[in-house]
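A.B. asks: Kindly generate the complete structure, drawing on both the sequences and the hints.
Top line first, the protein sequences correspond to chains W and X.
Note that the working numbering gives residue 109 to position 109 of the first sequence, counting from 1, and the numbers run on in steps of one.
Note that the working numbering gives residue 140 to position 140 of the second sequence, counting from 1, and the numbers run on in steps of one.
Hints listed in this document are in silico derivations from the structure and should not be mistaken for laboratory results.
Accuracy of the hints is not assured; some may be wrong.
Said to hold, decoys possible - Subject to a maximum C-alpha distance of 16 Å in a straight line, what follows is the list of computed EDC-like cross-link-like pairs (lysine to aspartate or glutamate):
(1) X/206 <-> X/170
(2) W/44 <-> X/164
(3) W/214 <-> W/122
(4) X/44 <-> W/6
(5) X/215 <-> X/140
(6) W/214 <-> W/170
Stated by the list, open to error - To give a feel for the contact side, a few chain X residues facing chain W, derived at Cβ under 10 Å:
(7) 98
(8) 158
(9) 162
(10) 225
(11) 264
(12) 275
(13) 281
(14) 310
(15) 314
(16) 326
The beta carbon of each residue, even a glycine, is placed where N, CA and C say it ideally should be.
So the chains spell out like this:
2 protein chains.
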Amino acid sequence: MTDRFEADYILETAMPVETAAATIAGEQSSGTFMAVPGETEALKARSAARVERIVDMGDVAGPALPGAARADAPHRRARITLSWPLGNTGISLPNILATVAGNLFELNCVAGLRLSDLRFPDALVAASPRPAFGVDGTRDLSGVQGRPLIGTIIKPSIGLTAGETAAMVDLLCAAGIDFIKDDELQADGSVCPFEDRVHAVMPVIKAHAERTGKKVMYAFNLTGEVDEMRARHDLVLQQGGTCVMASANSVGLTGMLALRRHAQLPIHLHRNGWGYLSRHPALGFDYTAWSKLWRLAGADHMHVNGLRNKFCESDESSLTSARSLLSPLSAGNPGITMPVFSSGQTALQAFDTWAALQSPDLIFAAGGGIMAHADGPAGGVRSLQDAWAAAMAGLTLEQAAKDSPALAAALRTYG
Amino acid sequence: MTDRFEADYILETAMPVETAAATIAGEQSSGTFMAVPGETEALKARSAARVERIVDMGDVAGPALPGAARADAPHRRARITLSWPLGNTGISLPNILATVAGNLFELNCVAGLRLSDLRFPDALVAASPRPAFGVDGTRDLSGVQGRPLIGTIIKPSIGLTAGETAAMVDLLCAAGIDFIKDDELQADGSVCPFEDRVHAVMPVIKAHAERTGKKVMYAFNLTGEVDEMRARHDLVLQQGGTCVMASANSVGLTGMLALRRHAQLPIHLHRNGWGYLSRHPALGFDYTAWSKLWRLAGADHMHVNGLRNKFCESDESSLTSARSLLSPLSAGNPGITMPVFSSGQTALQAFDTWAALQSPDLIFAAGGGIMAHADGPAGGVRSLQDAWAAAMAGLTLEQAAKDSPALAAALRTYG
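C.D. replies: Shown next, in the form of structure tokens:
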């Protein structure tokens, strides 16, 4: 294998940037702290990481992270690009993660380090599972074409029984929803065991499907051990369900791959814990880099937060995340993952989201934006549908609200 | 299930601490941003997280993390303890992780949040896999009693062929080593495929075992997909190997559990990537908390760095990590995981490590501390054995060096 994969990092350091970049490259391949006799030129030629590019980004005030060498010296920020031979890892996402994000954040030449992007050779992309359903498969299963899926999440997050969950699903299906998901806290607790939930919810969804001809997609959170996830997936499939959900940071890439290789349904991947991986800007991961590993592993849907969300993430960050999911992994194997917008979303954000993204290929999930609508859940769903139709037709919110009582009510409630 | 599990966090916030703690508890259980009709008192009684304790820790200068509400207001730090009913998650480590470390680090009432400890009810500890070998099992398999295992890592980390690796193993076995591990970068690359490595290394180890009566423990890095890991484990077992290794952050808790439930050998768990989870002190995890999840999942050995290491971690941090691994998970089911000291370790640190820890139940791994010894690897291993024997006998380094040429040489080289 002569192909190489590349990682971009934003590095902050008080060392010469070239030195720090070379140290990282060495630590993550054939080098070590001390020169060892076995590190021959031939070995380096076949296995060493390379510093491909360094782009200076200017001075920074000081070390963003504690413990770095030369804390009092001037610090600089630079974008560095490293590459590794694919032969170091083979086609193995868990080992690629250990290579691009292993023991390097704690190097003491590092005063800040963030993995900002990854690029993979076609050989790796083609041989990885990638989304088995993605946009087209999700549209086929949900019967929603040409516009975002309007979604919601069962609330309270946890504590409802299976029967209470099914009653909520009945209400939401009657309201015209396209997509419903479990909360990430709701997997297989004693109040609402997974099997009970599937057996209670699916008859409701099927009854509405018989009425409307459209089967609402429900993402059942099957997060758990491998055998549990496989069994739960099989139950959902057997009961006519069309989606399963897992928590990425709980199952890990190895757990995700086991699920993907077994699953015959779209996998809705939840990113809970993303905050600990990303919230400090000089540490961890940009979503663009992190999400590519999960896309390669087969995530069909991934969360990106939403505009004017209730968390601390900026609109630009959410949009960058969504754009990255909608960008191809490689020319031959795009592996597009459907972005899921959520958190404080209402009909109002549909206009900005469309304006910024210019794509209908997303799941737009609202909780209070549906349930707290003045005309009830049906009004809430209608307001979201009308908002997206109007936005995609080039209308403003105010123009559209004149012809849509549901939108007008949303404007009064959420405006 | 009426048992509850508890998590301690160090919270920094500009909100009243009680308000922020209640927000986190709500977000991670039955609450949400907006009051929802289904959140009844009965539901809260069965499923809500509780704020158990708040201990004020004083003022902080300002928000450690960007994006928090009231960035210009005074900030305080507090240790908060939350608890959840075990019924919310069941006996499910992946779902417990989503509960204690899910969507809370990005809440905008949070200007800093670090998960510092976890406590689990006996019912959970007893029902989790826990280390299947731990200290006693590792001592039985390696034939090392009453002192630390002296270990090393194959270097260069990656690039050696299977044959070159076996030649290095031969040298190290002849030098008297107890434990050898693959680097976390070395799993199944094309230069040194996993199967080739096992087939090349195990005959060397077995030949030395026939000579000495003691089989060197080699931790083969089998990180990969579930089926790959199971097959690789079976090969190691069938070839007479006594340990396998996996990268925690690559395989995830679900991957680890799949390996543990299958494995008949100790699992040496590598923490590469720990830096992105921990390096900013106001974000992420303390090792004490994080490692408990992996101990419950069955890690027999875990890395803790070492004194005067080459990374940016303080000695006190490494020692706290080691002490936590050597502390019981519960009275009835201690689940002790053997700490692995490494990074820049030589005979010199043995004295400080013993003085601070007062336990021989660890793996003490050195690279340059063995290979760069003036008398070669045999001198390096001997210096580490002599150092630990002397330290445990209450001697100082200088005293012991008088009677040990290997220690005297180590003092000259590394002192």
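A.B. asks: Provide an ascending list of the numbers of those earlier hints which the structure does not satisfy.
C.D. replies: 3, 4, 9, 11 and 16
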